[in-house]
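Asker: Work out the full structure: start from the sequences and follow the hints.
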Amino acid sequence: MTYTKILIFGLILCTLGIAGCTNTSTSSGFGTGGGYSINLRATQTIIPQSGQTTLIATVRDAQGNPVNDATRGVSFTSSLGATITTVDSITLGACSTTYTAPSSTNTATPGVDQVTASYQGAFAYISIYVYAP
Numbered sequence: 034m035t036y037t038k039i040l041i042f043g044l045i046l047c048t049l050g051i052a053g054c055t056n057t058s059t060s061s062g063f064g065t066g067g068g069y070s071i072n073l074r075a076t077q078t079i080i081p082q083s084g085q086t087t088l089i090a091t092v093r094d095a096q097g098n099p100v101n102d103a104t105r106g107v108s109f110t111s112s113l114g115a116t117i118t119t120v121d122s123i124t125l126g127a128c129s130t131t132y133t134a135p136s137s138t139n140t141a142t143p144g145v146d147q148v149t150a151s152y153q154g155a156f157a158y159i160s161i162y163v164y165a166p
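Residue numbers for the sequence shown follow my numbering, beginning at 34 and rising by one.
FYI, nobody ran anything at the bench for these hints, they're computed from the structure. We put the beta carbon where it would ideally sit given N, CA and C, even for glycine. Watch out, some of these pointers could steer you wrong.
With beta-carbon atoms standing in for the labels, derived distance ranges [as the list claims (entries may be wrong)]:
id	residue 1	residue 2	range
1	T142	D94	37 to 43 Å
2	T119	P81	19 to 25 Å
3	T119	S83	41 to 47 Å
4	G97	T118	24 to 30 Å
5	V145	G67	25 to 31 Å
Answerer: Set out below in structure tokens:
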């Protein structure tokens, strides 16, 4: 293993130890824009390659009211190239989607995936820890 890989896995192990091996999380990043705000969370933030978790985005307008948008959903991106199903609408201020981590046959290696959710200029991000099973 290279020094970088050892350092990354060491940081992940430290995070697990400090967090008490918890695997749920709320938003690790929060932003506003265009009069909207997003909070992003995942049902699990530590998953194996090819594993799945549910991402839940809560969207509010400038007055703090839940957003309803039947024509436009929240956009999600992944720094590791995970598969994230498309979200077409927001109902009662929330939407959810399935995140599938890259597989071991993919060129992606285990690591920390930064997932970003955005809607009308607002954004939030969360880290998903992907490990080799």
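Asker: Work down the list of hints and note, for each, if the structure agrees.
Answerer: How the hints compare with the structure:
no.: 1; hint: T142 / D94: 37 to 43 Å; verdict: holds (40 Å)
no.: 2; hint: T119 / P81: 19 to 25 Å; verdict: holds (24 Å)
no.: 3; hint: T119 / S83: 41 to 47 Å; verdict: violated (20 Å)
no.: 4; hint: G97 / T118: 24 to 30 Å; verdict: holds (28 Å)
no.: 5; hint: V145 / G67: 25 to 31 Å; verdict: holds (28 Å)
This entry does not satisfy hint 3, going by the numbered hints stated previously; all others are met.
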